[in-house]
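These are the residues of each chain, in order.
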Amino acid sequence: MNPIADIYTGASNGLREVWANKVRTLLSMTGIILGVAALVAMVGIVQGMLGNMRASFERSGGVLRLEVYPREAPESQQHIAGISPGMTWRDIVAIEKAIPLADYVTPIVDMSWESFIANGRRERSMLHGVTPDFAGISNRKLDYGRFIADSDIDAKSPVIVVGSYIAGDLFRNIENVVGQQLRVRGQVYTIIGQFESTASRGFGRSRRGWNYEDRKNYIPATTAMSRYKGDDGVNRIEILASSVEAMPDLMSQINNTLTQTHRGIQDFEIRTQDEQMQELKKLENSFTYSLGGIAGISLIVGGIGIMNVMLASVSERIREIGVRKAIGARGHDIFIQFLAEAVVISILGGLLGLVASVGLLTLAQDLIPQGENISNMPVTAMFYGFLFSSLIGLASGIYPAMRASRLDPIDALRYE
Amino acid sequence: MSDSCTVFELKDIRRTYQVGSELVHAIDGLDLQIQDREFIAVIGTSGSGKSTLMHTLGFMDSPTSGQMFFEGEDVSNIGRGDRARLRSTRIGFVFQSFNLLPKLSVLDNVLLPLIYGRQNPANKKELGYSVLERVGMEHRASHRPSQLSGGERQRVAIARSLVNKPRLILADEPTGNIDTKNRGRIMDLFGSLLDEGITLALVTHDDVVAQYAQRRIRMQDGKIVEDDAR
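Line by line, the protein sequences are chains A and B. Residues 1 to 416 (my numbering) are what the first sequence spells out, left to right. Residues 1001 to 1230 (my numbering) are what the second sequence spells out, left to right.
Worth flagging that the hints you see were computed from the coordinates, not collected in a lab. Any given hint could turn out to be false.
Below are the SDA-like pairs computed for lysine to any residue, each with C-alpha atoms no more than 20 Å apart in a straight line [what the hints assert, rightly or not]:
id	chain 1	residue 1	chain 2	residue 2
1	B	Lys1103	A	Leu311
2	B	Lys1103	A	Ile318
3	B	Lys1103	A	Ser315
Not close to chain B: a few residues of chain A, all C-beta gaps over 10 Å, as computed [said to hold, decoys possible]:
id	residue
4	Tyr69
5	Glu114
6	Ala155
7	Gly233
8	Ile270
9	Ala356
10	Val379
11	Tyr384
Taking beta-carbon pairs under 7 Å as the criterion, some of the chain B residues facing chain A (in silico) [to be verified]:
id	residue
12	Ser1088
13	Leu1101
14	Lys1103
15	Gly1117
Backbone N, C-alpha and C define an ideal beta-carbon position, used for all residues, glycine too.
So that you can see chain B by itself, here it is in the shape it has in the complex (with noise of 0.2 Å):
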């Protein structure tokens, strides 16, 4: 079992899907720990099953077979509704296209994940606030989505990401859509959340954004074929 500053445990995981009459294994025995208030870049080409172990690790996908520890408890075999539970109230998702609604305001996207944990604080508002504070977009709070810049959609992302006060947040090529100039704010962010108990977990193939992470991870044929922390 894993100790009490492991966040994460997946042991010979594996994920297959069925394309077709061919068998992919997107996944193919993958062994990882991931540490509390670790930065960790998973590196790859496509196809790699990067983007597999990420919504693995985001309770979105299950595993085909293998053992998943998350905080110590066996999350091998969770249901639906409570892997729901775990995305509401324990992971935070940044994605490269921002996925913000466009019709709510950026205050309202920021509050969505509290709608969905069934957490209903009585200074919601205030919370929402602080946390677009955090990324310095309090002052876009009532503004759409559609009105701000792609470098200001991801912050908000992040601050979406936040709201839930999530142990481990994970990000699909963040600064994908991103310039260069604001590339390293977002970064920066990433970074000093560290800070506040949150774990990280980026996919990028950009090794600019990777030399961010303390650790970075390659992968390749769904394998672990390269990793700081070995």
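Next comes chain A alone, as it looks inside the complex (with noise of 0.2 Å):
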């Protein structure tokens, strides 16, 4: 008559039952476990990648930077594309003079890969040419020395500010780099600063493996100009805006400028970190949904194979079921039993998929080495995995609870 004393009842049954086949339960929540196991990490490794890379962005300017990028002119300039210089050092001086909503401004010219020579090694890394303006953009810190400056984009100065990679290993068993020189393409460079190490904070592999931040290098872009590209010509825009509020403004300003400079033809465009952002947070969506029901496939199978062997363990306690009906239990009684049972068995199975979650995420940490989680613990899918699997180990249970619960005593006890 009073539910909560019947599904304890059921419940403690249930218990009962599971314990008396230890072996049998533990197989038949191996679904669930591996289900619950795969969703919570998979969920944990992806948020924690994701949530690294927009730790990533934040520092690098966070949403008050745009970068500008050259791109084909549209169709109805096709014709006409020729008359415009591109993207070149003027659009610089356009926006640093034209537009004070703009906080910083630097020009990249990429030379990309470069083989960076000195005291007899060779390491391969990145080569940029930058305006000082950089240093605000970038948010990069320095262990030693100073940024670009002024006076070295006047003087095209042969200076250079080099990342921990280039640092650590071309000139092994210095500290402070700050006044050392070295080689790139023949031309002879002074080392004016030194980054400090991003390993400890930033996406990626320790400084021994990759790590885009630690192996990027920068020249006056000025100085990459002259030296190897021989135009004016620069690879993309940076712009840091003076606040969020004038992001609208700043981008029509940039582009209005740029649209004169650029003699009307629009073959650049303008990107936000928004829109990476949104991208990212596109990405993380698809990640986790797709992760995810690829776990919940697999929660599934772990909920049929319970339903298997609870028909099983119905079969085989028919004459059980007899009895108990015979002294007077009714069909639900029966039902919550058996339906206890089920619930159980994907409870335990759940909780035990939780704690072999955290073992992997724990594992995914440790080969992963650096300073920030790869793996926070996911909390939210700690909480929907186990969830879920409890609901599936009811629903699961439903059917064969049923059948033992309408089970006619007569025939019940007859059944050998």
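The two chains are supplied separately, each in an independent frame; assemble them into the complex guided by the hints.
Here it is, written out as structure tokens:
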């Protein structure tokens, strides 16, 4: 008469049965355990990785950062595309002069991967030409020395600010490499600054592995143009807005200014970090849903496993059901008993799955050594994984429990 | 209607089964009155309808037609829930093959009817021990049924049938799986229950067992063909 007491009785009967058939129960739980562990671990790793990417974005200017990339002129302007000078140093000058909403503006002149030579050693790393404003946008910290100055731009100085990768690999045993010299494509550069390593906070492998941030080295944009490019073209422009509110105005002002310097040709596009964050969010969602879907399927398979075991358990215990009914058990007593058994199995499986997922995430953390969490504990995924596994257990227990509860006591007692 | 001393009254009870295209009359117009503290033995060959009669008396089966009164109340057309409630509170069952649950201890087996009878007396354990004592099995309370002999198991089963203080105990060949030495002991135990206000009906084909009863009913083709009380 009292549903709480019914459930208590059912659950304790269920637990007793689970305990009496330990091996079978464990086997039937496997699907649920793997499903929950896979779900939680995958979501944890994806969230951890994308979280680090986001943190990396935040560090490099966050939502205030704008990037201008060259692109093909639109179809309607193709026939006159040639009149545009493309993205050049003049764009930088024009933006600096005309747009006070831009706090910092720097061109990026890409040389991509270059061989850096010093002390008889050779290392491959990236080289970019920038202006002093880059320091304000990138937010990178220097361990030693200074960043590129306006005078370096004016003088096209042969100076370089190196990342921790080059500093560490070309100049072993030298802590402070400022003042040292190195060669790139036959040109000699004097090191004026050395970046702090991001290995303890960036996304990717440690300094021995790949890490874009630590393998980037910077020279004055004008030096890059005169020594390598031979013209004043730039690969892209990075701009930091003075405030979030200024962003829309800033974007239209940049558009107007560049349209003018490009003689009306729309061969550039302005990208915001916001768009990249949206992309990241989309990526995160698609990862979460696809991985969640896969884990969900394995949970359903786990549920089918439980149903199978419960059906076997019902057929095995037809006589027991008959006895229980003969001494007064009603249909719903039997129903609750078998349902409770399925739920107990799936709850135990879910808990074991959570334990396994914590183990997997800890393992992932150990395999990818770095300070920042690649795999944080996804509490929401844990909650849903557990909830879902319990519901699967409930759903897969209903049919076997119903079969058990509908058995006729006389037939059940006669069953051999 | 029945008087206050009548536990069960059956009037023109019929029970038919459809087996394939054939209609089987397991009970075919049966009248029976069972008085308080009666000890009845139902005898008959297999297929005579005695098992169906026991199932009907035990509220495991309902008659196709006819009237049934239990403790003065018309129970001819009661539902499954009410039948289960009567089974768990008013009826005790003893089976030929004991039907103890192998995974439960002797004590837990004995206490099982209390769970389904929704009775949760404070002194549940003592109650269990007292009925085990009644059948001389209290020293085996924590054992599993598989650790007991046939005679011992049947005594535990009798203890289980007693725990909810039933009005009527139904026994289906209770000595069928027990050696002759223990048979007498079990039957004496049954006999002693009458003093406690319990009415007994047992099905047997063993004439020796039937001799313990005060009243013998012989069934054939779903009808009573011989009744000591008549």
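We went through each hint and held it up to the structure:
1. For the suggested pair B/Lys1103 and A/Leu311, the alpha carbons sit about 19 Å apart, so the restraint of at most 20 Å is met.
2. Restraint check: the Cα-Cα separation between B/Lys1103 and A/Ile318 comes to about 14 Å, which is no more than 20 Å; the hinted pair holds.
3. Between B/Lys1103 and A/Ser315, the direct Cα distance comes to roughly 16 Å. Compliance with the 20 Å bound is thereby established for this hinted pair.
4. The Cβ of A/Tyr69 lies farther than 10 Å from every Cβ of chain B, with a closest approach of about 72 Å, so its non-interface assignment holds.
5. Every beta carbon of chain B lies more than 10 Å from that of A/Glu114, the smallest distance being close to 75 Å; the non-interface claim holds.
6. The Cβ of A/Ala155 sits about 91 Å from the closest Cβ of chain B, beyond the 10 Å cut-off, so the non-interface label holds.
7. Distance check for A/Gly233 against chain B: the nearest CB is about 83 Å away, which clears 10 Å, and the non-interface claim stands.
8. The Cβ of A/Ile270 lies farther than 10 Å from every Cβ of chain B, with a closest approach of about 73 Å, so its non-interface assignment holds.
9. The claim that A/Ala356 lies off the interface holds: its Cβ sits roughly 29 Å from the closest Cβ of chain B, which is beyond the 10 Å cut-off.
10. In this structure A/Val379 is separated from chain B by more than 10 Å, as the shortest Cβ-Cβ distance comes to about 39 Å.
11. Non-interface status of A/Tyr384 relative to chain B is upheld: no Cβ of that chain comes within 10 Å, the nearest being about 35 Å off.
12. Taking 7 Å as the C-beta contact cut-off toward chain A, the hint placing B/Ser1088 at the interface holds, the least distance being around 2 Å.
13. A distance limit of 7 Å between C-beta atoms decides the matter here; for B/Leu1101 the minimum to chain A is near 6 Å, and the interface restraint holds.
14. Proximity of B/Lys1103 to chain A holds as hinted, the smallest CB-CB distance being about 5 Å (cut-off 7 Å).
15. Taken as an interface hint, B/Gly1117 checks out: its beta carbon lies about 6 Å from the nearest beta carbon of chain A, inside 7 Å.
Every hint from the earlier list agrees with this structure, and none is contradicted.
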